[in-house]
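Work out the full structure, taking the sequences as your base and the hints as a guide.
Note that the numbering used here has the sequence shown beginning at 195, numbered continuously upward.
Keep in mind that the hints are not guaranteed to be accurate.
No more than 30 Å apart at the CA atoms, straight line, and that leaves these computed lysine-lysine pairs for DSS-like [stated by the list, open to error]: (1) K540 x K429; (2) K611 x K284; (3) K412 x K368; (4) K333 x K651; (5) K412 x K235; (6) K611 x K623; (7) K623 x K412; (8) K611 x K559; (9) K420 x K479; (10) K479 x K548; (11) K539 x K440; (12) K479 x K455.
What the hints contain is simulated information worked out from the structure, not anything from laboratory work.
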Amino acid sequence: MKRILLPAGGAILATGMLAAGLVGTASANANPDWAFDTMAKDAPSARNVAGWWLEKNGETNRLAQATAYTTETTPASKLNTSGGYTPDGKPGVVAPIGEEKKSTSVVKNVNLPKSIGKVFFVDAKGDPRWCSATSIQSKYRNLVSTAGHCVYDDKANASVMDEWVFVPGYYQGKTPWGIYVGKTAYVHYDFDVYNDRDRDYAFVTVYNGIQVGGGTPKLVSEADYKASTDVKFTKDVAITEAEYKKTRDLKGGESADAWAKIDKVTETVGPDHEDAVLAYTEVSKDAYNAAPTGYKVNGSKAEWKTWTENVTKAQYDAYQGPGYRILTPRGNYTITHYYIKSYVKKSFVKGYFKTLFYTVGDFIKDTGRLGDNVGGQGFTWNQKAGQTVYVFGYPAGAHPDGNKAFTGVTPKWVYGKTNATKYVSAADKVEEHVGLKSSMTVGSDGAPWLVKYSSAKRLGYVNGVTSLFGDTDNNGRIDINTSAYFDGETAGVYNKAAAVWTGSIAK
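Shown next, in the form of structure tokens:
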């Protein structure tokens, strides 16, 4: 999806209160630029996105087939250190969802926050991919925090990623709290226009969560089928000759609802011939396109009979028929069948069929707002160096030396103090990143950096997101992760996103 850039300059924050009633102190001299893009524009579009991810492609849904995403072209960035980073104003803070709940229990182990999960999307190459992310506090409890490069493809004309969803608590294709479809993405203007990794963060508003599946197929008319925005499918079923004649009589003789199947056109007759039967013969795509108009269904392109089926890779490889095999950009194997219309003698008929049309209208269940289900981390900016942060993500990639220490199946965590020096990388357009000693690899892109994390409450404050991975001692192992520094301009982008309403997509 090509981005439509909508920047807005000027002071977004004012000292004192954040807009939309969110508590926090912002920089008085902050003057952020932000841009946003619409993802799934409305409820029908969002349902289609969720349904696409949960549709079976072989034995598993597409969520389980996605792979970790990164835009780095080398296994680890060449990172150098320089002087410390400088806040652009006073520190600010927004409390997490659930902060009011006090806990006196002593927790010895680190409990994973319910808010973390994976964002899934389709990249510019058409591959299903994922990054790490978290739910974050907002006015309508509908906001996700992740890396900017996990929302916008910074190598493909700044396009927003297609089919973008967030799944908190994701595990092996399961969506315990539902699947949350992105509605609007907010990013810093400099990241969008200049691919500035110093602004590699994004905040995405999401619709209410939904669970998909379990609906009962409903047989409908062809007109209702075409008009429906629900999940739908067609099915060709065998019928008797008597049923074929009855359907043809009811439909005035030219309906495609009932048709006969033949192996090939060997002798055609006129439609008024006493033994004439309307039949469809499967042909190649080229033969279909070359057929005379009169031999195509009703002579109208809109009513030519084609049928596309999703198949497994094994079925795709083994298919020897005339249908057109397609490996879609999203990694879906399909075979499109083409038929030409002809009137033949009844002796050529191999069987009679009728096309049935189904919709699945009750396949969606609204699971509610993201923050109500899993909570939301707080947000803070202009913090000093050397603070202890916890990072929660789904590392999956191998180290530069080929060692694969992580699978990406379950979330991992690391903690430590951020470095006082800032990290720079000319290749990645980084001049001021915060560093943290960590062995997490690709897949933890977008993972939240939480300060003041309470394991008892499973809550903290987002003060960064994983952007780059480095090998500082050149031993073939990742030993540093970096994040953009969260300052007043970051707060401006967050503040804009945090006040946007989304709503439900379920019927």
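Legend entry - 30 Å limit on alpha-carbon distance, applied to hinted pair K412 and K235: Within the cut-off at roughly 27 Å; holds.
Legend entry - Holds or violated: K611 to K623, with C-alpha atoms at most 30 Å apart: OK: K611 and K623 at ~24 Å, within 30 Å.
Legend entry - Pairwise hint evaluation, K429 against K540, where the allowed Cα distance is 30 Å at most: This hinted pair holds, its Cα atoms lying about 24 Å apart.
Inset, instruction - Measure nothing beyond the straight line between the CA atoms of K333 and K651; if it is 30 Å or shorter, mark the hint as holding. - result: Holds: K333 and K651 sit about 20 Å apart, inside 30 Å.
Inset, instruction - Could you grab the alpha-carbon distance between K611 and K284 and see if it respects the 30 Å cut-off? - result: holds, 21 Å
Legend entry - Restraint check for K623 with K412, where alpha carbons must lie at most 30 Å apart: With a Cα-Cα distance of about 54 Å, the restraint between K623 and K412 is violated, given a limit of 30 Å.
Legend entry - Hinted pair K420 and K479, Cα distance within 30 Å: holds, 24 Å
Legend entry - Straight-line alpha-carbon gap K412 to K368, limit 30 Å: holds, 26 Å
Legend entry - Hint consistency between K479 and K455 [alpha-carbon to alpha-carbon, up to 30 Å]: Measuring from Cα to Cα gives roughly 18 Å; hence the hint holds.
Legend entry - Proposed proximity, K548 with K479 (alpha carbon, max 30 Å): Distance of about 23 Å is within 30 Å: holds.
Inset, instruction - Take a quick look at whether K539 and K440 sit within 30 Å of each other, Cα to Cα. - result: holds, 18 Å
Legend entry - Agreement of K611 and K559 with the hint, judged by alpha carbon distance not exceeding 30 Å: Status violated; Cα separation ~42 Å.
Hint compliance for this structure: hints 7 and 8 are not met, and every other hint is.
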